[in-house]
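Take the sequences, apply the hints, and build the full model.
Residue numbers (UniProt numbering), protein chains in the order written: chain A, 1 to 245; chain B, 1 to 254.
Treat the hints as calculated values from the structure; they're not laboratory data. Bear in mind the structure is a predicted one, so any value in this text is a computation, not a measurement. Even for Gly, the Cβ is constructed at its ideal location relative to N, Cα and C. Be careful, since some hints might not be right.
Not the full set, but computed from the structure, chain B residues with beta-carbon under 7 Å of chain A [claimed, not checked]: (1) L48; (2) K78; (3) M82; (4) F90; (5) P102.
Anything over 12 Å on all C-beta distances counts as not near chain B; from chain A, calculated [said to hold, decoys possible]: (6) L12; (7) I31; (8) S82; (9) G165; (10) Y187.
List time: in silico EDC-like cross-link candidates among lysine to aspartate or glutamate, alpha-carbon distance up to 16 Å [unchecked claim]: (11) B/K45 to A/E115; (12) A/K33 to B/E97; (13) B/K52 to A/D118; (14) B/K45 to A/E121; (15) B/K78 to A/E121; (16) B/K5 to B/D61; (17) B/K5 to B/D54; (18) A/K33 to B/D91.
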Amino acid sequence: MTYLHSIGEYFLMLKGVFGRMTKSSVLRNLILKEINDLIMGSMGIVAFLSFFIGAVVAIQTALNLNNPLIPKSLVAYAARQSVILEFSPTFISIIMAGKVGSFITSSIGSMRVTEQIDALEVMGINSKNYLIFPKIIAMFTYPFVIAISMFLGITGAYTAAVLGGFVTSDQFITGLQDEFIPFHLTYAFIKTILFAFILATVPAYHGYYMKGGALEVGEAATTSFVWTSVVLIVTNYIVTQLLLS
Amino acid sequence: MIEVKNLHKGFNGQKVLNGIDYVFERGKTNLIIGQSGSGKSVFLKCMLGLFKPDTGTIEYDGKPYSNFSDEEQRELRKEMGMLFQGGALFDSMTVEENIMFPLKMFTKQRKSEMLNRVNEVLERVNLTDAGSKMPSEISGGMQKRVAIARAIVNKPKYLFCDEPNSGLDPKTATVIDNLIQELTHENDITTVLITHDMNSVLEIGERIAFLKNGVLAWKGTKDEIFNTDDEAVTDFVYSSDLFQKVREAQQKGL
Chain A
1 MTYLHSIGEY FLMLKGVFGR MTKSSVLRNL ILKEINDLIM GSMGIVAFLS FFIGAVVAIQ
61 TALNLNNPLI PKSLVAYAAR QSVILEFSPT FISIIMAGKV GSFITSSIGS MRVTEQIDAL
121 EVMGINSKNY LIFPKIIAMF TYPFVIAISM FLGITGAYTA AVLGGFVTSD QFITGLQDEF
181 IPFHLTYAFI KTILFAFILA TVPAYHGYYM KGGALEVGEA ATTSFVWTSV VLIVTNYIVT
241 QLLLS
Chain B
1 MIEVKNLHKG FNGQKVLNGI DYVFERGKTN LIIGQSGSGK SVFLKCMLGL FKPDTGTIEY
61 DGKPYSNFSD EEQRELRKEM GMLFQGGALF DSMTVEENIM FPLKMFTKQR KSEMLNRVNE
121 VLERVNLTDA GSKMPSEISG GMQKRVAIAR AIVNKPKYLF CDEPNSGLDP KTATVIDNLI
181 QELTHENDIT TVLITHDMNS VLEIGERIAF LKNGVLAWKG TKDEIFNTDD EAVTDFVYSS
241 DLFQKVREAQ QKGL
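Okay, structure coming up:
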């Protein structure tokens, strides 16, 4: 029953988010601020992780290719597929659930605890729209982060595979182009857009409806990470089943 | 003027407010006092529209809030100023941005006009140098004054204050009390103030409502509260040693 109540509350929150809109001039500034906080502030960690995970994927693949009948170019093929299909959209989103999700939950939760949300409501402002809508719009720039992550992941794989002496540059480029299906990119970006919405709204729900004090803000951030990850993984399964099988 | 008629409110089957009738007069500081858990905050939140009453009506200058459309409720809220217990300043904004916030949201003024009004209220609350500071960089008393400035910047008709003195030293508390009273008189505002600070009652209690277990147990003025025979009120008022000694001194004619 508690889960059903929470799911109902989540959808009611969404209804409120898309309800009465905040003044457009104020909203524009809020969206720009959220893009800076949520997206630009995450670029460093995304770039770092993408490059090194791409490199590790290439090394692992290369070290497991013992059969001389299997072409070396498969290292690039495997790196490309794992980075585009799963690593960048899904793995990076789980990382973002920790970084961006916790930030959203704790910032909204702190506002709840210190009565700032009540202050907005008393002023006649739709607090759900004011606080959550700009985050959703800002997160729609998330596919750019994932595109950069894909690029850096493959760059990391190239660097590790070529500089590590596992394949030649030509073999890597050949493998990278081998049996490329453009729809895989479409699939990855459809997932990314759905994940962006989840990353903005599930943590916002946990912050907006939290009760208690400073300790509970921390607990809400942890719970938010767990539930955002669960929703991401389940959504990933459903979307993959629908689009690829 | 705010008129409350037969107000009832409960949560999960438990009554918190039980048939309150009271009139908050315009141009006066109307205090709601009572012990913790007596229903003061719920009463205030009903008046602010944050809680919907189970039964009863709240009329703002003769117009019942429950009959208002959503748009009318929003319009009414623009005429309300609220001072929260902790100030509730937006911690990502400077003092100036906090005060300017209601103007930005609800008026079409130019930035220069808004800045003029912000400087005007900052001057009124004696905080002319604090405009560029963040809320975390100023003291608790200054935060309360900024919150007052934000509450009055849009020239409200109704000002609500939830324990404005909590966490303040007695001298700063007196400054805040006097400021609220002066603003009430200057702007002819209906001010409703929740407190359990008896110093506030002495300073600014022009009209006092005493709540006990969700019921309006007593009403009167600051002069009347110290002479009442009502046991519930005297228990509350003279619970501190200081006031007991004041009463003993009064009785001895000192």
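Verification of the hints:
1. Taken as an interface hint, B/L48 checks out: its beta carbon lies about 5 Å from the nearest beta carbon of chain A, inside 7 Å.
2. A distance limit of 7 Å between C-beta atoms decides the matter here; for B/K78 the minimum to chain A is near 6 Å, and the interface restraint holds.
3. Given the 7 Å rule on beta carbons, the hint for B/M82 holds: about 4 Å separates it from the nearest Cβ of chain A.
4. For B/F90, the interface hint holds, the least distance from its beta-carbon to any beta-carbon of chain A being 6 Å, beneath 7 Å.
5. For B/P102, the shortest C-beta to C-beta distance to chain A is roughly 6 Å, which falls under 7 Å, so the interface hint holds.
6. Listed as outside the interface, A/L12 is consistent with that label: its C-beta sits roughly 16 Å from the nearest C-beta of chain B, beyond the 12 Å cut-off.
7. Non-interface status of A/I31 relative to chain B is upheld: no Cβ of that chain comes within 12 Å, the nearest being about 15 Å off.
8. The non-interface label for A/S82 is consistent with chain B: the shortest C-beta to C-beta separation is roughly 39 Å, beyond 12 Å.
9. Consistency note on A/G165: stated as away from chain B, and its beta-carbon is indeed over 12 Å from all of that chain's, at 51 Å minimum.
10. No beta-carbon of chain B comes within 12 Å of the beta-carbon of A/Y187; the shortest separation is about 38 Å.
11. About 12 Å separates the Cα atoms of B/K45 and A/E115, which keeps this hinted pair within 16 Å; it holds.
12. Taking the CA atoms of A/K33 and B/E97, the gap is about 15 Å. The hint holds against a cut of 16 Å.
13. At roughly 15 Å between alpha-carbon atoms, B/K52 and A/D118 fall within 16 Å of each other, so this suggested pair holds.
14. At most 16 Å may separate the alpha-carbon atoms for a hinted pair to count; B/K45 and A/E121 meet this at roughly 11 Å.
15. The hinted pair formed by B/K78 and A/E121 meets the criterion: a straight-line CA distance of about 10 Å does not exceed 16 Å.
16. A distance of roughly 13 Å separates the Cα atoms of B/K5 and B/D61; the hinted pair therefore holds under the 16 Å criterion.
17. Restraint check: the Cα-Cα separation between B/K5 and B/D54 comes to about 12 Å, which is no more than 16 Å; the hinted pair holds.
18. With a CA separation close to 15 Å, the supplied pair A/K33 and B/D91 stays within the 16 Å bound.
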